[in-house]
Amino acid sequence: MDTRSKANKNLSKILSIISIIIIFTGYIYLSLSLFNAQSILSYLRSDNMVNSSVHNKKDEVFDLLRSYCAFYNDVRQCDTEEEAAFAKGELQYIEERLNNYAKEGYRYVIRDSGDHSKEIIKDKFSGNTSISYIYTQPYNYGESYGYNYIPLTEADGTETETIDMENTAVAVPMEYFQINVWLNETAVNNILSFESYQQQVGQKYYGIFIFGICTVIAGLILSAFTSHLRNKHGKTEIIFHEKIYNDILLFVYIFVSYFILYLSVKLFRYYYSYPEAIYWLVEVAFGVIFSLLSYKTLSNLTKRAKRGELLSYTLVGAFFRFIKRLFIKIWDYLKESYRIITRSLKSNVKTHVIFTSITLIFTVFLGLGVFALFSYLSHRLLIGFFFTVFYFILAAFLITRGVAELSTELEEIKETTEKIRNGELESKLSTNMNPLFGNLPDNLNHIGDGMDKAVKKATASEKVKTELISNVSHDLKTPLTSIISYIEFLDEDESLSPEAKDYVKIIKQKSLRLKNMIADLFDLSKASAIQEQTNLETLGFKQLVNQTVTEMNDKLENSLCPFKLSLPETEIYIKADGKKLYRVLQNLIDNAIKYSLKGTRIFANLYEDKGEAVFEIKNISAYEMNFTSEEILERFKRGDESRSSEGSGLGLSIADTFVKNSGGELNITIDGDMFKAEVIFKTVNGA
Amino acid sequence: MEKEKGLTTETSTVLVVDDDAEIAYAVSKLLQNEGYNTIKASNGLEALDKLITDKVDLIILDIMMPKLDGLSATMKIRERENIPIIILSAKSEDSDKILGLSIGADDYVTKPYNPEELLARVRSQLRRYKILGSGKVNDSRNIISVGSLTLDTAAKSLTVDGVKVKLTPTEYNILHFLMLNKNHVFSAEQIYSAVWNQDSFGTDNTVMVHIRRIREKIEINPREPKYLKVVWGLGYKIEG
Chain A
1 MDTRSKANKN
11 LSKILSIISI
21 IIIFTGYIYL
31 SLSLFNAQSI
41 LSYLRSDNMV
51 NSSVHNKKDE
61 VFDLLRSYCA
71 FYNDVRQCDT
81 EEEAAFAKGE
91 LQYIEERLNN
101 YAKEGYRYVI
111 RDSGDHSKEI
121 IKDKFSGNTS
131 ISYIYTQPYN
141 YGESYGYNYI
151 PLTEADGTET
161 ETIDMENTAV
171 AVPMEYFQIN
181 VWLNETAVNN
191 ILSFESYQQQ
201 VGQKYYGIFI
211 FGICTVIAGL
221 ILSAFTSHLR
231 NKHGKTEIIF
241 HEKIYNDILL
251 FVYIFVSYFI
261 LYLSVKLFRY
271 YYSYPEAIYW
281 LVEVAFGVIF
291 SLLSYKTLSN
301 LTKRAKRGEL
311 LSYTLVGAFF
321 RFIKRLFIKI
331 WDYLKESYRI
341 ITRSLKSNVK
351 THVIFTSITL
361 IFTVFLGLGV
371 FALFSYLSHR
381 LLIGFFFTVF
391 YFILAAFLIT
401 RGVAELSTEL
411 EEIKETTEKI
421 RNGELESKLS
431 TNMNPLFGNL
441 PDNLNHIGDG
451 MDKAVKKATA
461 SEKVKTELIS
471 NVSHDLKTPL
481 TSIISYIEFL
491 DEDESLSPEA
501 KDYVKIIKQK
511 SLRLKNMIAD
521 LFDLSKASAI
531 QEQTNLETLG
541 FKQLVNQTVT
551 EMNDKLENSL
561 CPFKLSLPET
571 EIYIKADGKK
581 LYRVLQNLID
591 NAIKYSLKGT
601 RIFANLYEDK
611 GEAVFEIKNI
621 SAYEMNFTSE
631 EILERFKRGD
641 ESRSSEGSGL
651 GLSIADTFVK
661 NSGGELNITI
671 DGDMFKAEVI
681 FKTVNGA
Chain B
1 MEKEKGLTTE
11 TSTVLVVDDD
21 AEIAYAVSKL
31 LQNEGYNTIK
41 ASNGLEALDK
51 LITDKVDLII
61 LDIMMPKLDG
71 LSATMKIRER
81 ENIPIIILSA
91 KSEDSDKILG
101 LSIGADDYVT
111 KPYNPEELLA
121 RVRSQLRRYK
131 ILGSGKVNDS
141 RNIISVGSLT
151 LDTAAKSLTV
161 DGVKVKLTPT
171 EYNILHFLML
181 NKNHVFSAEQ
191 IYSAVWNQDS
201 FGTDNTVMVH
211 IRRIREKIEI
221 NPREPKYLKV
231 VWGLGYKIEG
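Line order of the protein sequences matches chains A and B. According to our numbering, the first sequence is numbered sequentially starting from 1. According to our numbering, the second sequence is numbered sequentially starting from 1.
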């Protein structure tokens with residue numbers, strides 16, 4: 001495995017070197033062929049080869065003729081004698097040179113529209129002419145001008161026809177020179193033979209050029225194959241310099257290659273100016289740059305192809321992806337906005353719906369305004385329409401959506417604060433709200449957290465307290481059981497002295513009181529625990545009072561205080577925990593019996609007042625009540641501070657806790673010796 | 001009391017299980033004074049052993065004990081024994097009582113107990129176990145029974161744990177109505193109109209007074225009734 005991959009590595013190394021060499025060779029051929037063709041052509045065209053360059057002679061003739069026209073004009077228009085003489089001299093020189101050309105087969109005619117032109121133009125070149133050129137030069141530079149070559153093709157060697165200026169389509173100025181040049185057979189042959197020579201040279205180097213290109217392509221293919229081989233066995237990780245987009249890479253490659261070729265070809269114009277070695281040095285350097293660049297580009301592209309990124313990892317691709325993402329974003333934004341707005345419009349909250357619909361109507365009207373404005377300004381409905389669409393996407397949706405979101409978030413804040421108020425302290429606001437709200441969600445969440453912690457802490461400590469009390473009361477009960485049991489045996493013992501019997505009676509009484517106190521303590525501790533379950537149901541308050549009074553009938557009859565009860569005609573329904581409310585009423589009546597002055601009446605009254613059911617009980621205290629109504633509700637507080645009488649002192653505390661747990665209210669009023677307790681519940685509709 | 005004793009054909013044996021030796025002794029003494037044989041055990045495991053070696057008619061069981069607690073012991077005993085079990089515990093919450101009764105105990109008495117009440121409950125359970133036993137119930141159509149309450153509609157008489165209880169005709173009618181619809185809560189007014197066949201006009205608490213009397217007759221502890229229960233603010237029901 002290791003040796004095989006090593007061999008593969010070596011093979012691909014060798015192959016890549018070979019491919020680079022092949023590309024290099026191809027490049028050299030390419031540049032040489034281009035150089036040679038270029039250099040031969042330019043050599044042929046150069047001044048010192050003028051005799052063989054027949055083609056150039058035509059241009060020369062025209063150059064001379066143009067200068068001739070210019071001087072001719074000068075002669076007619078110059079101010080001073082000297083200038084005229086100079087121009088005439090020049091004209092003479094030009095005429096001599098033109099005559100030389102005429103010997104080589106060029107015939108020319110200069111025509112001046114001003115005077116004897118017609119005669120000159122009729123002076124035709126007699127001979128077998130095939131090509132003629134006409135040059136027209138404006139006579140007066142200040143006016144409109146134009147010049148044209150008008151090639152006149154001859155049919156089959158017949159004489160050239162007179163150029164009828166009036167029938168030519170060319171606009172000819174009023175005053176002009178017209179130069180006609182005819183070529184005789186020799187000149188034409190010369191031109192033709194030059195062109196064929198050119199072709200021959202071209203063909204010769206064309207072959208080399210094609211060969212060079214083929215070699216380069218072969219090298220490129222080989223390097224592609226090599227890098228493919230390497231990709232197959234190695235990693236196709238993209239390293240830093242390969243992170244150029246494919247199309248940019250290709251463009252740079254082509255541009256650089258062209259530039260190198262161009263430079264190397266241009267360089268040979270000055271072939272003779274340098275020592276040959278420098279030329280070759282530059283040539284080789286260019287070749288190395290080109291071949292390495294080609295290899296690198298190819299291997300990069302094949303890597304991309306292997307990863308399936310040939311087309312996708314391009315600047316064009318990236319651009320299209322960007323456009324696509326942009327459109328998707330806009331589409332998503334529109335969809336989301338639509339969802340938010342419709343949700344807001346369907347909301348149960350009226351202000352919400354009103355806010356959103358007003359904004360929606362406003363933005364739609366504004367959109368109509370935009371349409372009207374832009375249509376008017378541009379005088380085109382389409383442009384107005386375009387701007388309106390643009391407005392709707394950018395502004396209308398943004399504004400309406402913003403208002404909808406804002407009102408939704410306001411609603412959320414309202415709901416959450418309401419929840420926290422109602423004790424759901426875990427309720428949280430989402431923290432990514434509109435920045436308009438600032439730190440409000442965070443702060444509110446913190447307040448909620450703090451309260452939650454405080455409440456949980458309080459609950460936990462309350463629970464610990466409750467557990468403690470319930471454990472203690474359990475532990476108290478066990479020895480008390482023994483005490484009560486054995487006192488019972490003593491009580492039945494006939495052998496005790498009368499004195500001892502009295503003592504036993506007292507112990508029995510007190511132990512029973514202890515038993516009641518422990519039971520009350522336990523009840524209270526349980527009721528104080530927040531987590532204690534209350535079983536709320538709709539029940540008849542009147543019936544409950546009746547039941548309680550019936551249950552306590554014996555006690556009431558045995559007490560020395562007459563009990564006066566007044567009940568309403570109809571039932572009053574409340575929501576409460578029946579069992580606990582019974583305990584409350586029982587405690588209140590018990591209290592009244594216990595602490596009333598002998599012979600006074602106890603008044604109990606149940607009535608309904610403004611949606612509230614009130615049970616009140618009034619009695620005259622046997623003791624002076626030197627405490628406030630608040631103090632009496634505190635645990636272990638009692639009417640008589642001596643604490644000698646029966647009862648645990650917890651009765652009112654238990655009553656208060658039970659009433660509160662059931663959602664009611666216990667009011668104590670102390671007025672001189674009159675003690676009044678009121679149990680108040682909200683009435684509900686009958687079951 | 002002499003008459004009730006006579007009902008037992010032989011002396012019953014009660015197993016008293018409590019980790020507090022003084023309480024166990026006190027309970028035993030109380031029972032012995034009434035003529036019962038007693039055996040003591042100080043925890044659940046010991047109780048299970050005693051059940052194998054001795055013939056026991058009733059068990060009084062504490063809950064919080066070392067080694068094997070009362071609730072587990074109850075479940076273990078119920079796997080093979082049908083004898084009455086009375087739980088005697090300092091745990092006084094409703095949830096404790098419900099748990100104890102639902103796993104197989106027949107009665108639940110809280111500490112500190114009232115000696116008379118405890119004795120009455122022991123008697124009641126033994127009567128049920130020994131005389132009524134299983135399958136001895138008269139299955140006539142004229143019989144309505146809820147727990148140990150048996151109402152004979154032909155003779156218009158009521159027996160509680162096999163002991164006849166005297167009722168006035170009104171009391172009988174109320175009890176009959178409630179036992180026919182056991183577990184259904186009726187308000188005082190509904191009971192009135194059902195029993196007297198006329199509407200009550202509000203303030204009357206006749207029904208309540210009657211019900212209180214019935215309870216005193218049929219319940220061992222009228223303050224904590226087992227059958228005729230007060231549903232505060234809603235009415236009354238027979239629970240079974």
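These are computed hints drawn from the structure, not numbers from a lab. Just so you know, not all the hints are guaranteed correct.
What the hints assert, rightly or not - Taking beta-carbon pairs under 8 angstroms as the criterion, some of the chain B residues facing chain A (in silico):
#	residue
1	ILE23
2	THR38
3	LYS91
4	PRO112
5	TYR113
6	VAL209
7	LEU234
By construction, the Cβ of each residue, glycine as well, lies at the ideal position given by its N, Cα and C atoms.
Status of the hints after comparison with the structure:
1. ILE23: holds, 5 angstroms
2. THR38: violated, 14 angstroms
3. LYS91: holds, 7 angstroms
4. PRO112: Constraint on PRO112(B) satisfied, holds at 4 angstroms.
5. TYR113: Where the cut-off is 8 angstroms and the nearest Cβ of chain A is about 7 angstroms from TYR113(B), the hint holds.
6. VAL209: Holds - the Cβ of VAL209(B) comes within 8 angstroms of chain A, reaching about 6 angstroms at its closest.
7. LEU234: Since the shortest Cβ distance to chain A is 5 angstroms, the answer is holds.
Checked against the numbered hints given earlier, this structure breaks only hint 2.
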